[in-house]
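Engineer: Which chain is which? The protein sequence lines are A and B, in order.
Position 349, counted from 1, in the first sequence is what UniProt numbering calls 349; the numbers after and before it change by one each time, with no gaps.
Position 331, counted from 1, in the second sequence is what UniProt numbering calls 331; the numbers after and before it change by one each time, with no gaps.
Warning: the hint list may mix true and false statements.
As the list claims (entries may be wrong) - Some chain A residues judged to face chain B by a derived CB distance under 8 Å, without partners named: (1) SER31; (2) ARG236; (3) GLU374; (4) GLY396.
Claimed, not checked - Straight-line C-alpha distance at most 25 Å; calculated BS3-like pairs for lysine-lysine: (5) B/LYS404 to A/LYS367; (6) A/LYS367 to B/LYS516; (7) A/LYS378 to B/LYS322; (8) A/LYS381 to B/LYS404; (9) B/LYS516 to A/LYS378; (10) B/LYS404 to A/LYS395; (11) A/LYS242 to B/LYS404; (12) B/LYS373 to A/LYS381; (13) B/LYS373 to A/LYS395; (14) A/LYS381 to B/LYS492; (15) A/LYS126 to A/LYS138; (16) B/LYS322 to B/LYS404; (17) B/LYS404 to B/LYS480; (18) A/LYS367 to B/LYS346.
I should point out that these hints are in silico values taken from the structure, not numbers from a laboratory.
Yeah, the Cβ is synthetic: ideal placement off N, Cα and C, and Gly gets one too.
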Amino acid sequence: MGIPANGSEDSVSGPNGEEGRGIAELVTDPSLQVEISDAVSERDKVKFTVQTKSSLPHFTRPALSVVRQHEDFVWLHDTFSENDEYAGIIIPPAPPRPDFETSREKLQRLGEGNSTLTREEFAKMKQELEGEYLAIFKKTVAMHEVFLQHLAAHPVLRRDHNFYVFLEYDQDLSVRGKNRKELLGGFFRNMVKSADEVLITGVLGLKEVDEFFEHERTFLLEYNTRVRDTCLKADRVMRAHKSLAEDYIPISVALSSLGTQEVCQLQTPPELLGRVASDEDLKLSDLFKYYMRDSQAAKDLLYRRLQALADYENANKALDRARLRNKEVKPAEAHQQLCCQRFEQLSASAKQELTDFKSRRISAFRKNLIELAELEVKHAKASSLLLQNTLIVLKGDA
Amino acid sequence: MAAEREPPPLGEARQPELEELEDGEDLFTSTVSTLESSPSSPEPASLPTEDISINSNGPKPAEIILDDDREDLFAEATEEVSLDSPEREPILSPDPTPAITPVTPTTLVTPRMESKSITAPVIFDRSREEIEEEANGDVFDIEINVSDPEKVGDGMNAYMAYRVTTKTSLSMFHKNEFSVKRRFSDFLGLHSKLATKYLHVGYIVPPAPEKSIVGMTKVKVGKEDSSSTEFVEKRRAALERYLQRTVKHPTLLQDPDLRQFLESSELPRAVNTQALSGAGILRMVNKAADAVNKMTIKMNESDAWFEEKQQQFENLDQQLRKLHSNVEALVCHRKELSANTAAFAKSAAMLGNSEDHTALSRALSQLAEVEEKIDQLHQEQAFADFYVFSELLGDYIRLIAAVKGVLDHRMKCWQKWQDAQVTLQKKREAEAKLQLANKPDKLQQAKDEIKEWETKVQQGERDFEQISKTIRKEVGRFEKERVKDFKTVIIKYLESLVQTQQQLIKYWEAFLPEAKAIA
Numbered sequence: 001m002g003i004p005a006n007g008s009e010d011s012v013s014g015p016n017g018e019e020g021r022g023i024a025e026l027v028t029d030p031s032l033q034v035e036i037s038d039a040v041s042e043r044d045k046v047k048f049t050v051q052t053k054s055s056l057p058h059f060t061r062p063a064l065s066v067v068r069q070h071e072d073f074v075w076l077h078d079t080f081s082e083n084d085e086y087a088g089i090i091i092p093p094a095p096p097r098p099d100f101e102t103s104r105e106k107l108q109r110l111g112e113g114n115s116t117l118t119r120e121e122f123a124k125m126k127q128e129l130e131g132e133y134l135a136i137f138k139k140t141v142a143m144h145e146v147f148l149q150h151l152a153a154h155p156v157l158r159r160d161h162n163f164y165v166f167l168e169y170d171q172d173l174s175v176r177g178k179n180r181k182e183l184l185g186g187f188f189r190n191m192v193k194s195a196d197e198v199l200i201t202g203v204l205g206l207k208e209v210d211e212f213f214e215h216e217r218t219f220l221l222e223y224n225t226r227v228r229d230t231c232l233k234a235d236r237v238m239r240a241h242k243s244l245a246e247d248y249i250p251i252s253v254a255l256s257s258l259g260t261q262e263v264c265q266l267q268t269p270p271e272l273l274g275r276v277a278s279d280e281d282l283k284l285s286d287l288f289k290y291y292m293r294d295s296q297a298a299k300d301l302l303y304r305r306l307q308a309l310a311d312y313e314n315a316n317k318a319l320d321r322a323r324l325r326n327k328e329v330k331p332a333e334a335h336q337q338l339c340c341q342r343f344e345q346l347s348a349s350a351k352q353e354l355t356d357f358k359s360r361r362i363s364a365f366r367k368n369l370i371e372l373a374e375l376e377v378k379h380a381k382a383s384s385l386l387l388q389n390t391l392i393v394l395k396g397d398a
Numbered sequence: 001m002a003a004e005r006e007p008p009p010l011g012e013a014r015q016p017e018l019e020e021l022e023d024g025e026d027l028f029t030s031t032v033s034t035l036e037s038s039p040s041s042p043e044p045a046s047l048p049t050e051d052i053s054i055n056s057n058g059p060k061p062a063e064i065i066l067d068d069d070r071e072d073l074f075a076e077a078t079e080e081v082s083l084d085s086p087e088r089e090p091i092l093s094p095d096p097t098p099a100i101t102p103v104t105p106t107t108l109v110t111p112r113m114e115s116k117s118i119t120a121p122v123i124f125d126r127s128r129e130e131i132e133e134e135a136n137g138d139v140f141d142i143e144i145n146v147s148d149p150e151k152v153g154d155g156m157n158a159y160m161a162y163r164v165t166t167k168t169s170l171s172m173f174h175k176n177e178f179s180v181k182r183r184f185s186d187f188l189g190l191h192s193k194l195a196t197k198y199l200h201v202g203y204i205v206p207p208a209p210e211k212s213i214v215g216m217t218k219v220k221v222g223k224e225d226s227s228s229t230e231f232v233e234k235r236r237a238a239l240e241r242y243l244q245r246t247v248k249h250p251t252l253l254q255d256p257d258l259r260q261f262l263e264s265s266e267l268p269r270a271v272n273t274q275a276l277s278g279a280g281i282l283r284m285v286n287k288a289a290d291a292v293n294k295m296t297i298k299m300n301e302s303d304a305w306f307e308e309k310q311q312q313f314e315n316l317d318q319q320l321r322k323l324h325s326n327v328e329a330l331v332c333h334r335k336e337l338s339a340n341t342a343a344f345a346k347s348a349a350m351l352g353n354s355e356d357h358t359a360l361s362r363a364l365s366q367l368a369e370v371e372e373k374i375d376q377l378h379q380e381q382a383f384a385d386f387y388v389f390s391e392l393l394g395d396y397i398r399l400i401a402a403v404k405g406v407l408d409h410r411m412k413c414w415q416k417w418q419d420a421q422v423t424l425q426k427k428r429e430a431e432a433k434l435q436l437a438n439k440p441d442k443l444q445q446a447k448d449e450i451k452e453w454e455t456k457v458q459q460g461e462r463d464f465e466q467i468s469k470t471i472r473k474e475v476g477r478f479e480k481e482r483v484k485d486f487k488t489v490i491i492k493y494l495e496s497l498v499q500t501q502q503q504l505i506k507y508w509e510a511f512l513p514e515a516k517a518i519a
C-alpha cells in the first residue's frame, strides 16, 4: 500500500482489535461489540469508521456504522470525566492525538530530492519511512479503538447516553474543538487539582482512615511517575533502534556497489532491524504509555474520592456548627447525609475499580511481556538464519 | 632430472628471495661503486639501469649448470645450505627479472638459511608467471603480532612501546620465533625507508598508521581513562595490520630494513619522523612541490589501462570515504542505543520495585536485567562495528592514496624521460652548430654529451616501462588483496552479528518463563 508523501487519502483497514484489546485486557461481550473497521487520513485529519454490533434494545439497528474524528473521542471522554455520576469510576483515558508530523516531515524531506542519496538508498529509505508511517497509523487506530472498547466493556459506562449518540448518530457530531479559553481552563484546572491534592491531604490534615486507599494512593503516585519515566526511556530506545536501522541502508547499498557481488546480501539486516524496532515499540512502549494514562486516570479517581471526603468532612463540621448554634440543623443534616452517602458510594466503587485496575494491569503486562519475548526470539532467530545463509554464500565463493 | 616438482609450501616463499638474491649478486659484482650511495638517496633510479643491462647480457649457460648444482645440494639433503659459498655464481631466472630491488648489497648477500626443511630452489625451471602465482597464492608463512603496549618513561618524553612478535619458518630470518620492542616512531621510520626505496619504482608500499598528537598527549600525561586505552588499542591494532600488510608484499618482505625492524633488538631511533623536525618540514615542502608539479604535468596517456585504473581508483576512493563516514555514524548510533538501553533498564528496574504485585515485580526486574545484558551486547557490537569495519575502511583509504602516489611517480618518470629527450635534442642541435663552427675540442665534448643523453633517454624509457610494468603487477595484487580483505572483514562482521542475535535469543528465551509466571 503506497503512502504518498503529501499525506493525502490513505487508509488502513483491518482488525486492530487484537493489539488494542491486549493492552487494556478487556472481556469482549457479544451484546455490545465496537470496532474501528477503517480509517482514512486526510491532510491533518483522521476519520475513523466506527462499527457497532449490538443486541441491546436501545439501538435502532443491530449493526451501526458512523464516521468520527479524534475531537469526537476527546469530547466523549470529557463528558464522562465531567459527569459526577461516574466520579467513582476510573474513566478510560482518552486516546492520544494522531501525530504524523515527524513521519510526514521525514517523508517530505526525502521526497524533496536529496541528491546525496543514490537511487537504491532512496528507495530503501522511502520503504523504511513508509513502514514507519504505517506503524504510527496503525497504532493511533488501535488507541482509539481500545478507548471505545473499554467503554463498551464497562457495565456502567456502556449505558451512557452520550456513548449511544457517539455510536449511532450518523450525522457529524460537530463537536467544537476546545477553544483557547477552554484549553487554558483545563490546564489551570489540572494545576489546581494537584495543588488541591496536596492541600487536602496535608494542610487540612485529612486522615485516610482506610488502609486500602492509603496504600493505593502511595502506590499510584509512585507508579505513575515511574511508568512515565519508563515510557520515556522506551521511546528513546525505539528511536535509537530506528536510526540504527536507517544507518544500515546506505552502508548495505555502498557495499553492494563496491563491485563484489557476494556482498549484496547484506541488505537484509537493515530491514529486519527496522521491523524489530517497530514491533518492540508496539509492545513495550505502547504498554507503558497506556498504563501511564490509565494510572493517571486512577489517580484522578482517587482525587475525586478525596474531594468527596473533604466535602463529607466539611459537611460534618457544618453540621456540628449548626447543632451548636441550633440553626438550620435539618438542611445541614440532610447535606451531611448526602455527602456521606456519596463518599461511601464513591469509596466502594473506587475500591472495585482499583482492584479491577490492578488485575487488568497485571494480565496486560503478562500478555505483553510474553508476546514481547516471543517476538524478540522470533526476530533474532530469523535474522540469525538470514545472516548465516549470507555467510554460507560468502564463504562458499572463497 | 630427479628434481622435485612439488616444493614444500615453504618453497614458494623461498623463491622470490633467491631471485632477489640474483639481483643482489649482480649488483655486487658489477656496479660496486654506484652502490656505495645510501639506499635512501633520491636518485636510485640509476641502479636499475645497471641491473637490466647485466641481466640482459646474463650468462645464460651458467644457469643450467647451476640447476644441477642445486639438485646436488638437494640430493645430499644437507640441513644447512649456505648461499654465500664461493663457487656460487649469479643465478638467473629464465627471464630478466622485472622486480628490481635496489638494496644494500652487504646485508643481502649474507642471509643465513637455517630452515628446518629443504626448500626447493628447483623452481628455476618453471616459468616466471607460475612462480608469481604461487607467490601470490598461499601462506607466506610469517605471522606478526603486535601486543603488550607499555608506557615507558614519564611526562612529555614518555612513549608507548609495543612488542612485535614474529613467527616464521622463512629461512631469511635468524630464528623461527622472535620478538622485539618497538615504539611508534620506529614504525614510521620503517615506512619512510621503504617508501623512499620502493614507491618511486612503482611498488605500493602500505602506509603507516597516522600520527595523533592529541591521543598521544593524553597517554603521555597519564590519563587513565577509557578514551586513552581505546586510543592505545586502536593504535596497536593499526600497527599490527600495517606490519601484516607489509610482510604480505613479496618484494618488501625481502627488504633488509624490514628484517632489521623485525629482528634486531636495538634500532637506531628514527628522529626524522617527528612532525616538527627538520626532515618533517622538508617532507611537507616536498609534498607541496609535488602537488604543484602534478598539476603542471600533462601526460599523454598512451595506455588505456592506466587511464581506466586512474578513474577506477578515484571512484573507489570516493566510495570508500562515503562508506567510512556512514560506518562512523553507525558506530555513534550504536553507542547511543546502548546508552538508551541502559537507561531503560534502570527505569524498568525502578518500575519493578514500585510494583506491588510480586510476580509482576519480579518479571519487571528480570526485564530490566535482560535489557542490561542487551546493552552490553550492543556495546560489544559497537566495538565490532568499529574495529572490524571502520578501521579497514580507513586503511584502504590510505592505501589508495599510496596507489595514487605510485601513479603519480609514473607520471614523473614519464616527465623525466620526456625532459631527457628534449635535452638530447638540444644537445644534437648544439653539436650540429659546433660542426658548422668547426671547433674540434668543443665538438668532442658535445659528442660526449650527446652519448650521455642518449643513454639517459634510453634509460628514461626503460624506467618508464619498468615502472608501468611494476604498477600493473602491483595493482593486480592490490585488487586481489582488496577483495580478499573486504570479504574476510565482512564475513567476520556478519559472524559477530550472528553471535549477537544468538545471544539475544538466549536472553529472551530465559526471560519467557518469568513472564509466563506472572499470575
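Engineer: Which numbered hints does this structure break?
Structural biologist: 1, 4, 5, 7, 8, 10, 11 and 13
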